[in-house]
Structures are given as structure tokens and as C-alpha cells.
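*Asks:* Protein chains in written order, with my numbering: chain A, 538 to 792; chain B, 841 to 1136; chain C, 246 to 569.
Hints are supplied without guarantee of correctness; some may be wrong.
Stated by the list, open to error - Mimicking SDA-like on lysine to any residue, the simulated pairs with C-alpha atoms at most 25 Å apart in a straight line are:
#1 B:K1031 - C:D269
#2 A:K633 - B:P982
#3 A:K633 - A:K779
#4 C:K503 - C:L400
#5 C:K450 - B:T892
Don't read these hints as lab results, they were simulated from the structure. Small disclaimer: the values here were computed from a predicted structure and weren't measured.
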Amino acid sequence: MALADETAKMEVRGLSAFYGETSAIQDISLKFPDRKVTAIIGPSGCGKSTFIRCLNRLHETTPRTRVEGSVLLDGENLYQMDATFVRRRVGMVFQKPNPFATMSIYNNVSAALRFNSRPSREETDAAVIRSLKQAALWDEVKDRIDSAATGLSGGQQQRLCIARALTANPEVLLMDEPCSALDPIATAKIEELIAQLKNDYTVIIVTHNMQQAARVSDYTAFLYLGKLIEFGPTGDVFERPKEHLTESYITGRFG
Amino acid sequence: MTFDRATRRKWFSHGMVVLTGLSIVVVATPLVWIIYETALLGGSVFNVALFTQGIPYPCTPGNGITCHQGGIVVPIEGTLILVGLAALFSVPIGIGAAIASVEYGGQRRWARITGLVADVLSGVPSIVAGAFVYALLILYDPAIVFSTLSGSLALAVLMLPIVTRACEEALRTVPHSVREAAYALGISRWKTSVRIVLVGALPGIVTGILLAIARAAGEAAPLLILLGNGCAHSLQGIQDEGCSLSYWIWLGATNPYQNWANLAWAAALLLVLIILVLSVASRLVLDRMARRMRGG
Amino acid sequence: MNPDNPFPAPSKGATPRKVPRFGDWTFLALVIAATLLVVGVMVTLVVVLLYGSRFTIQSLGFSFLYGTTWNPNNNVYGILPFLDGTLITSAIALFLAVPLGLGAAIFLTQHAPGWLRGPVGQLIELLAAIPSIVYGFWGLIFFVPIERNYTEPFLKTWLGWTGLFGGTPFGVDFLTAGIILSIMAVPTITALSRDAIAAVPRAQKEAAISLGATDWEVTRRAVLPYARSGIVGGIVLGLGRALGETMAVVLTIGNTDKIGTSLFDSGETVSGGIALGFFEPTGPLNISALLEAGLVLLAITLAINLGARTILHRFQSGAAAGAE
């Protein structure tokens, strides 16, 4: 499963994760290329969400969980670093948009900045504008940036969450089925966004929608029952899958 | 008209409806009566002097004696200081214990100990709380047994379970997705707990505090033991004998002086008003902040 | 990274800063300290009361509980008169509060029109908010004379044959105190009964209605049995509150320390005895006896509250399982 000409931003070696005694993912090894979009696909329950939550060490915040193996970011093992610090370098957008309900749009987007450092007002303003533009939300909210974040539509809230994650200035952006709670138009907007984001960030996206994976990603990993079955450039995985299981899933024989 | 079984059952049922309706009337009557008398008698002495003057020399008018009515500024101050101190002790501890239980304890067994202890403490009769503080301070420093400070300690014991339980419940209503969103931004654990989760739980916490204050303001039993007799002159320090509205009502009720009795009614009216305001305020807080959070 | 990004990424190989750690550990220490304080308050309460009452525990043993005389001047301490007072007043309180409270709950949930439920419900909750001392004061000034002049002579005339109403009615006695206590217990019983009744699934009611039952029969045979645990829990909880009541009782019960046999007798409850006893204690043994009385009261109330919560938990899990 090696990559030929790309540099690996993030690498997973022998990663296994457990809920209590139950194994969710087993011995996954994978390299995520720098500034490309990698999609993780597979049927429900195959461990995609658990896997991606290991990449920013969110999995361990659930009680009675365990992780084995290592996750390297630019060669350093994340599991030997301070977890809070890891999450500042690896950001995440969740399946259901979760803006902070008690905060305005401005405060939501600037949250990471305000809580993790002591920026001046100008620095915060600049960061908020930049993030909202990157998330393609600026034009829609610039006139009501101090209003409640919960007043936005679902699609807007998700883009808000993306802007919020970007303000933290991560190197890698994890997206756990970011469009599954959204309508097709909102989904299309976010897919456009992802195409832009990969200029600056390494994106890893979990999706149960194969067409989305085909549209949006450069590389695809197929997971089944907690194991990595196949990984490669998206075109190869979808048109010339090496594994029989992959082909069955792609052609819709199960899922 | 036939008086067969079916008709009898029907009329019996109607009778029970009337009886249960009567229950409401019977139950509501003393309430209305108490509020009426309190408002009437307390209101008849309600003036500015209440809030500026101290307890008058005891006397009952008649035989050409006119009495100085005086005011209840000392009991008012006393209640404010007592409740303020009690809140100062009980609120931080209650919130801290609730955070430990919900944010750090989660599903583990030891997390339930806070809730259990709060339940036990909420069943402690107020007089027993007073006896406890008495016994405690006798050992520690007999000089402060009869003081505002010791009274506030007893009130704190009574407020603590209310605050703790309200805070625990409020923290539990904050959805886990909020915490995950904060962790995913690299916000440290304690900042997440305090500046994000706690803020989200604020309506429930404020409501709990207001209700605890309402309870403490009305308490009298432990203060009978612990306050000493400080109503006569203006309050000195918290280590000296104190006074409170509730204690003053006791004095007015158990002494035969008319002007004291009048002031006791005024104090009762004031207490009922304070408690009413606090109850209404706590409900408003809950509604308004909950509405704001749902995206108003 | 993004070239015009004013916040460059941390350099490679950056060692995790200590700051998040420090804040996290300090905060954890603080909240654990708070938990220990809460537990500590409860433990200290019991320990201090035990220690403070050691004199009478050692010298009197169990005779403290069944001794019939409480005389601080002679250092004779038996709390049976107080227990008697607590028992009688609480019995009267429940005797009145249960039918009234339950009746009110039934009316509010089954028969009252929608617009009436909110206000009346809040009115009853207001009863719970009025401080005990105000009840006592009002009781002494307004209720006692009515008892003395009207109600009690009436009861003596018509129900004197029951043997409950011996002696001359003075107004301050078990009966009056019990009635005041019942007013204070009603809100608890009503609130919890309302919850219990509201939790009864509609299917139960509809089954009874479709069999041709009258309103009352639906209530009696379909609703109440289902809500039984919740109602009983509410009653026991109300009892627990009544047991601990001091101010309202002490102003209306007459405060004598003999064991009463008639409802018109005056007496004292444990809580009232403790409160008044602290006014002019005759010495360390007196104090010890008062603290031991407090311990007894605590034990009784805790036991009752524990019983109430067990019953209520059974009700809650039962309701959750049944409401499918």
C-alpha cells in the first residue's frame, strides 16, 4: 500500500482500536498524502468513524476505549504527544453540525483562537474573515456575524463548523461524513469547498456515499469489518479494483 | 328515573369529581388566607421607615401610650448577609462537585457518590443542621457559636444539596457533541468544562441557585439556635450575634408587644415577596436562556 | 501552509507545551476537592453529632429512647414524649394531607380543564414556598383561635365518643399542629402524585373507558393502581418533610413535655424540643441530650427518605418499562 510520488503527511502503522473488549479496527497501515483528499469508504459498521477519530485522538475520550499502534504526523507519533496539542494540528468536522449554541457566529469561528491563545481584536477579526472566506460562508453571514450561530441553516452551520476548524490552523482536516445530514444543494457547496481546501490542507474524509468519494477525493481507502482491504488513487480503486471485496462493494452488491 | 346500578355508578363518579374539586378548594383556602392576612397586616405597616429604622422598644399601645413603630432594617440586613455568606460557601463547592461528577466521572461508579450525598443531605432537617453547626463550633471556637457566621454555615449546609443537584442535572443536559466540538479544536479539558459546558448549563445552574437562596432566606429553625440575639442594635461583624427576617418573625410571634407583632407581619410579607420574586425569576431565567440557546 | 497565513503552524518536532497540562491538573484537583468537601460535610455531620452526644449515649444507652421524662433541670432525658408528639402530629398530617393531596392531584390531571391546570398547579406549589415560620405565625394568630373557639368544641361535641378528643381544647395542641403540618405536606404529595398519574399510559385509561367505566372507575381501577408506587413515594416523602418540620409546629403545639393521649393535648415534637432546648441549656449533659435527639431525628428522617427514594426509583423504572 505504498505511494509512489507523494509525500506522506500522515501515516498510520498497525492501528487497532477497541471499545472495551470489542475490536473496532484491526491493524490498519496507511499513508495519507500531503495536500490531497483521501476518502475512507466502506459499509456501515466497518469502523470508518472509529478510524478517523483515532487520527485526532478523539476516540480515547470515550470511556473504556483502547488504541494500539501509531499515528505519525510528519514523522512524529501523535500518541506520544499531548492530546490537546495534537488536536490543534489535526482538526475535525463532524457528521451533524455542532456549532456552540451559546455563541454568535463570530465567537464560534474565533473559538479556537480565543481559547488557545491571546489574540488582539484585529488578529481575531482577520482570522474570522479569512476562515469564513475559506469556508465560502463570508458573503452569507457578513451582515449578521454577531447573531446566534443556531440561526443558520444546516448547510450553513456545517460550513461554519468548517470555518471554525480552519481557524485553529490545522495541518490536517478530518471530515466524518460531513454531508450526510445535509440536502443535495448544501452537499454540493461543501464538495466544492473541499476541492479548494486541499490547496492548503490535507483532507481525510469519511463517506458512505461512493459517488461523493469518486467526485471529491484523490485517493480512496476501502475498509471492511475493521480491516483495510484496498487503498490507492481514486480512479484505480473505482475502475480497476484489485480486491474482489472492493469490487463487490463498488458495484453495490452489498453495503 | 331509574336508580339502577349504572345510574348509581354514574352519580358516584360525579360525586367523586366534586369531592376532588373540593380538595383543591380546601387546599387553596389556607394559602389564600395566609397571603391575605400577611398582605393585610404586613401591608398596614409597610412604609419607608421599615427599611431605615431598627427594632423599636417593645410596647403595646393603649392607656394613653403611643408606640414607636420602628422598622426592620436590621433583620433585612441580617438576612442579606446570612444568605450571601451561605451562597458564598455553598455555590462554588456545589458547582465544583457537580463538575467532578459529570465531566470527569461520567459513567464510572464513583461519579454517583456526589448525587447520593446530595440526596442524603437534602433530607437533613434544618434543625439538625443547626445542631450540627453548634456541636462543631463548640469544639472549634465557642466564641463564634452564636453569630451570623455560624448561622450562615447552617444555611450553607441546607443550600448545598439544592445547588449540587441542580448543577448536576444542568450539566447533564449539555449534549456530548458540544464537548467533542471543543476537544476537536484543541481546547484543553478544563477550559471546555468551564467556558463551554458550564456556560451552556448556566440557566439550570442559576435557577438552582435562586431556589436555594429562596429556601435559605425563609429558614428559621437553625437560626434560633445559632444567631444569638442580635436584633436589638445594628449588626456588628459576622462573628457577632445576628438577626434575620425569619428570626424576627419568631420574636414577634412569641412576645406580647403589639409594635413587634406588626413588624413581624411586615417581615413575613417581605419574606413571601422575596421568595415569590425569586421563584418567578428562576422560571424566567430558565425560559429566556433556553430560548436563546435554541436559536432565537 | 497557506502563504498569507498570519499564524504559522508550530514547527516540526515541537514539544508539547506544559500549559494545557497545568490548567487541567489544577482544575481536576479543585473539583475533586469540592467533591471531598461535599462528602466531608455529610460525614462530619454524623461524626460531630455522635461525638457531641457521647455523654448521654454512654450514660443512658437505650433508655434515652424509651424514657418518658425530659427534665433538663434534673438531668433526666427520655425522648418518648417528643417521639409521641412527632408521631401524632405526623399521623394527623398524613391523615388529612393524603386524601386532600391525592384528590387535588386527581382533579388536576383527570378533570380540570386545560387552562385551569397551570395556574392551580402553581398555586399549590406556592404553598410549598411559604416559609415554615410564616405558617407558624399565621397559625398561632389566626388558626389557633378558630380551633379553640369553633372547631375543637365542635369536634368534642360530635366526635367525643371516639376518645380522641378528651380534655379542654385550648387551640394549641396536637390537632392544630397536625393540621398546619398537613397543609405543608400537601404540595409534595400533590406534585408527586401528579407526576405519577401523568405517567400512566393512555392505553390503560382507554382500555377501561372502552369497557364502559365511569370517570371515577377509570381513575380508581386503571390509573391509580398503575401510579401506585409514585403516589406512595410522594406520600412517604411528604412524611419525611413533616417529620423534620420545626417552626410551624413549635408555635402551635403548646410545648409541654408530657405524653399526650388526646388530640387536644399539647405536647412537643423532637424537632421542636431540640429547638427550644437550646435556648437555656442546663449544662453539658443537656447539650449532649439535645444532640442525641438530633441524631435520632436524623436517623428517622433519613430512613424515611431512603424508603421514599427506593419506592420512587421502582416507580420510575417501572414506568419507563411500561410506557412502551
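*Asks:* Now tell me, hint by hint, if it's right for this structure.
*Replies:* Okay, the hints, checked on the actual structure:
Taken as a hint, the B:K1031 and C:D269 pair is honoured in the structure, with Cα atoms around 8 Å apart against an allowance of 25 Å. Proximity of A:K633 to B:P982 is assessed by CA-CA distance (about 61 Å); at most 25 Å being required, the pair is judged violated. Using a Cα cut-off of 25 Å, the hinted pair A:K633 and A:K779 is violated, with the two alpha carbons roughly 34 Å apart. This hinted pair checks out: C:K503 and C:L400 have alpha carbons roughly 23 Å apart, not beyond 25 Å.
Between C:K450 and B:T892 the CA atoms are separated by roughly 60 Å; this puts the pair beyond 25 Å, and the hint is violated.
Violated hints, listed in ascending order, are 2, 3 and 5; each of the other numbered hints is respected by the structure.
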